[in-house]
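Protein chains in written order, with numbering that gives the first Met the number 0: chain A, 0 to 138; chain B, 0 to 156.
It is worth saying that the hints were derived from the structure and are not from the lab. Just so you know, even glycine gets a beta-carbon here, dropped at the ideal spot from N, CA and C. Mixed in with the good hints, there may be bad ones.
[As the list claims (entries may be wrong)] Okay, the calculated bits of chain B under chain A, using three or more residues with CB under 8 Å as the criterion:
no., stretch
1, 41-54
2, 86-92
3, 97-108
4, 123-136
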Amino acid sequence: MGLKVLVVDDSRAMRSVIKKTLAAAGFPVDECYEAEHGLQALEILDEHPVDVVLSDLHMPEMNGLELLEKLKEQNRVPKCFILVTTEGRKDRLKQALGLGARGYVSKPFQPEGLRKILSLFVGEPDGKDMDEGPEGLDF
Amino acid sequence: MEKTWTKALRDSISEVFSTMFFLVPDEDTSLAQSLAGNQAKGWLEGWLEVIQQEETVKVWVWAPPELVKELAANILSLDPDGITADDMIDAFKEMLNMVVGRLLTLVDTNSEWRMGLPNARHLETGTVGEATKQAQWLLSYDIEEKPLLAGCWSQQA
């Protein structure tokens, strides 16, 4: 069975890059939803539970940290919540990890960087090790 | 500060353009001056503020529509003819967002700066020189025979 993925980024271009990277890496994606900010992401998650969230931090309306806070409050942070962000501040990234994010990819990124981190949590694209992986990333 | 930020901006422009847009910017220090008298109508202007306690730095980027269309086409993997005005603004803002994010990673070793959201607009009037005079210092690039100008403005409260 393939993955259900939610990509949260206010840039259509970046959402497109992330979706293409997932496809090019060979991850089996059944559904890929898109949201422009945290509020939209919450609405989508109300209707469609997902396996993976790939989210920006800096967004209008509701940013990535606020989205994580809300999901943690409701005890429904998806198993694999990865940040794809320009944020370099370690305190903000640690805060995100504390709220349930499993790791981050810094923009600009090479497709390989996104593939690697996602593989840690959902397994390699060939389907092996789907439930194995570390509990978080060490900054 | 200017020297450190200039180098960081130069490095981040180079990395973002090559990694995400598959373009190699060639720095051309005479370009800003030679373009100063050209009409800026249709050019895109982007800016993003970063703040640290009482200091604000605004990072600016300017480019003609031909270059921005190419950026959008490259990142969206679409034909340039299929690129809309919204796509151009979106790609330009995301480019600026990544450039400034990378710049801060290079200069902000103590995690003191807060980054705002990117802004962009099409210029309606004036010359390139009038638009870019807002920056206290400028970098200029030739990217496949199209110009890109970038600069910073800083202010202590």
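If you look at each residue in the stretch 86-92 of chain B, do at least three have a Cβ nearer than 8 Å to any Cβ of chain A?
-> Our answer is that it holds, as 4 residues pass the Cβ test (under 8 Å) against chain A, meeting three.
Would you check chain A against the stretch 97-108 of chain B, counting CB to CB pairs closer than 8 Å, and say if three or more residues qualify?
-> holds (count 7)
Count the residues of the stretch 41-54 of chain B with a beta-carbon closer than 8 Å to any beta-carbon of chain A: does the count reach three?
-> violated (count 0)
With a Cβ-Cβ cutoff of 8 Å, does the stretch 123-136 of chain B contain at least three residues near chain A?
-> violated (count 0)
Hints 1 and 4 from the list above are not met by this structure, while the remaining hints are.
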